[in-house]
Amino acid sequence: MRSDQPEKKVIGLQSGKELAYDKLLLAAGGIPIMLLQNMVGLDSKGVFTLRSLDDAIKIREYLPTCRTAVIIGGGLVGIKTAEALMRVGLAVTVIEQQPQILPLRADLTVAATIAARLKKQNITVLTKEAVTEIITQKGRANGVCLASGGIVPADLVIMAVGVRANIDFLSESGIKVDHGVVVNNRMRTSVPDIYAAGDLIRFIDQATGEKAVSGLWSNAVHTGSVAGCSMSGGRSEMPPMLSVMNSTEIAGLPIISAGLLHTQSDQYAVYTEAQGEKYRKLIFDQDRLVGMIFLGDVSRAGVYTNLIRNRIPLGDRRDTVIREVMTKIR
Amino acid sequence: MQFLYAQTDRCLGCRSCEIACRIEHSEEKNLFSAVSQIHPPKKRLFVEQQGDRKEPVLCHHCDDSPCMAACITGSLYRDERGVIRRRDERCIGCWSCIMACPFGVVARDANLHLAVKCDRCPDREIPACVASCPTKALRLVDADMLSEERRQEYMLREEK
Ligand SMILES: Cc1cc2nc3c(=O)[nH]c(=O)nc-3n(C[C@H](O)[C@H](O)[C@H](O)COP(=O)(O)OP(=O)(O)OC[C@H]3O[C@@H](n4cnc5c(N)ncnc54)[C@H](O)[C@@H]3O)c2cc1C
Numbered sequence: 001m002r003s004d005q006p007e008k009k010v011i012g013l014q015s016g017k018e019l020a021y022d023k024l025l026l027a028a029g030g031i032p033i034m035l036l037q038n039m040v041g042l043d044s045k046g047v048f049t050l051r052s053l054d055d056a057i058k059i060r061e062y063l064p065t066c067r068t069a070v071i072i073g074g075g076l077v078g079i080k081t082a083e084a085l086m087r088v089g090l091a092v093t094v095i096e097q098q099p100q101i102l103p104l105r106a107d108l109t110v111a112a113t114i115a116a117r118l119k120k121q122n123i124t125v126l127t128k129e130a131v132t133e134i135i136t137q138k139g140r141a142n143g144v145c146l147a148s149g150g151i152v153p154a155d156l157v158i159m160a161v162g163v164r165a166n167i168d169f170l171s172e173s174g175i176k177v178d179h180g181v182v183v184n185n186r187m188r189t190s191v192p193d194i195y196a197a198g199d200l201i202r203f204i205d206q207a208t209g210e211k212a213v214s215g216l217w218s219n220a221v222h223t224g225s226v227a228g229c230s231m232s233g234g235r236s237e238m239p240p241m242l243s244v245m246n247s248t249e250i251a252g253l254p255i256i257s258a259g260l261l262h263t264q265s266d267q268y269a270v271y272t273e274a275q276g277e278k279y280r281k282l283i284f285d286q287d288r289l290v291g292m293i294f295l296g297d298v299s300r301a302g303v304y305t306n307l308i309r310n311r312i313p314l315g316d317r318r319d320t321v322i323r324e325v326m327t328k329i330r
Numbered sequence: 001m002q003f004l005y006a007q008t009d010r011c012l013g014c015r016s017c018e019i020a021c022r023i024e025h026s027e028e029k030n031l032f033s034a035v036s037q038i039h040p041p042k043k044r045l046f047v048e049q050q051g052d053r054k055e056p057v058l059c060h061h062c063d064d065s066p067c068m069a070a071c072i073t074g075s076l077y078r079d080e081r082g083v084i085r086r087r088d089e090r091c092i093g094c095w096s097c098i099m100a101c102p103f104g105v106v107a108r109d110a111n112l113h114l115a116v117k118c119d120r121c122p123d124r125e126i127p128a129c130v131a132s133c134p135t136k137a138l139r140l141v142d143a144d145m146l147s148e149e150r151r152q153e154y155m156l157r158e159e160k
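Residue numbers (UniProt numbering), protein chains in the order written: chain A, 1 to 330; chain B, 1 to 160.
Incorrect hints may have been included.
Okay, the calculated beta carbon distance ranges per label pair [stated by the list, open to error]:
id, chain 1, residue 1, chain 2, residue 2, range
1, B, Leu146, A, Lys120, 46 to 54 angstroms
2, A, Gly89, B, Pro40, 32 to 40 angstroms
3, B, Val141, A, Gly89, 35 to 43 angstroms
4, A, Asp178, B, Gly51, 22 to 30 angstroms
5, A, Ala56, B, Arg87, 17 to 25 angstroms
6, A, Gly252, B, Arg151, 28 to 36 angstroms
7, B, Leu12, A, Arg186, 45 to 53 angstroms
8, B, Gln152, A, Phe169, 53 to 61 angstroms
In case anyone wonders, no lab produced these hints; they're calculated from the structure.
Source: prediction; values computed, not measured.
C-beta: ideal position from N, C-alpha, C; glycine also.
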């Protein structure tokens, strides 16, 4: 989008044509981050990111020539991809530079439990380790070099180091961006008649009070419907949103986490309960629930994610909530 | 539009509704099947007790349905009765609906790897839980009828 276009109310297409609009919705989503743009070997065959169905199909088509895979990044996409590749018979190694896998979605305890389960399935998990170079042979990836000096064989390398808002195409448009497109609570951008929703917006995280960009389906659905309503003249407001609100199952263990997961300061009171691999954690700021992790037993999780999202002051019901959550692990 | 209504002061906490729900969702739709089939069916409503107060907690098939908004595969949908249901073949067991439901009434069936919730008994005219309730604490009501009833209750209370 060029700088003169918002005023003329047109957008430019790849074909060179222009398309006129009365109202415009920006919903271009997120794009995978390509770690270390200038890493050696990044453009060789067998190196993939995973965002779209197309990406998945390309990976599948490449599989017949592969026996080993390295996943760079131990986040949700990395771990789920690792499991999928393990199931089709590849020897898989996940490499994460943080001290734990799922650094944004789990605490150390949960990460350790999940890592142990993954190892049982013969997935190798390396933490506090980084990839410095992709080794290639005749233009095809066949291994990675580690910061610690070793080499891991890999016919297939998946880059799963996160996503960022897809906003580069707006850089000349005059639309205000700050890691993501800045919107008001009706999903309007700083430019009249242009709205934005989904993974490319920036919002305020209810749990942390900080600016955030998320890659969450439910946030995309909610902001999309608010934008649609505003654009057609209705009145509807952005609901309170969290940048962490995830649910999945890894190696047979369901996990749901929301809000604030890592706390250092004394401002927060932390309660945990474990039963074998099952684990629950609640984090309170005074009488407000601000974070939670449920592993193994995720029953009734929505009751608590909603307390976090809506910043409900619990008063003396706080103790009841703690008791409910901690005694009902099944 | 009809919905399930729980009149909590009538609930004895007998859990007949929970049993009826399991039976209805068992393979053979009988008690024997509900307890003896390899993977016993999960209940889709929950009788909760807080102090003296007993109450069946059930799916409201919400207008703004957070479960459906959270469903990343399009498995959850609203049927012609307005009831939120699951397309089995699309449910991948990611539990996003469990994460989203503020009433905590979506459950995880670990055996079948499916999210389980109230489907308001598509094979029956009156849902099993309602039919089984001995005190009529659970009823299937029209939205209009209920507001009429509420108004009358209110008027009666005002008159006293
Ligand atoms: C592997 C994977 C697993 C995920 N799992 C979960 C999960 O379990 N739970 C969860 O909550 N979220 C999950 N997500 C995130 C979720 O998919 C996103 O939050 C959601 O898709 C965001 O929707 P969106 O419409 O904002 O963007 P997108 O779905 O990314 O859609 C944007 C679309 O715009 C197109 N586009 C981009 N730029 C342009 C352009 N310049 N012109 C025209 N078209 C353009 C893109 O091709 C794309 O089709 C996952 C994502 C991935 C990749």
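Of the numbered hints stated earlier in the document, which are not met by this structure? 3, 4 and 6
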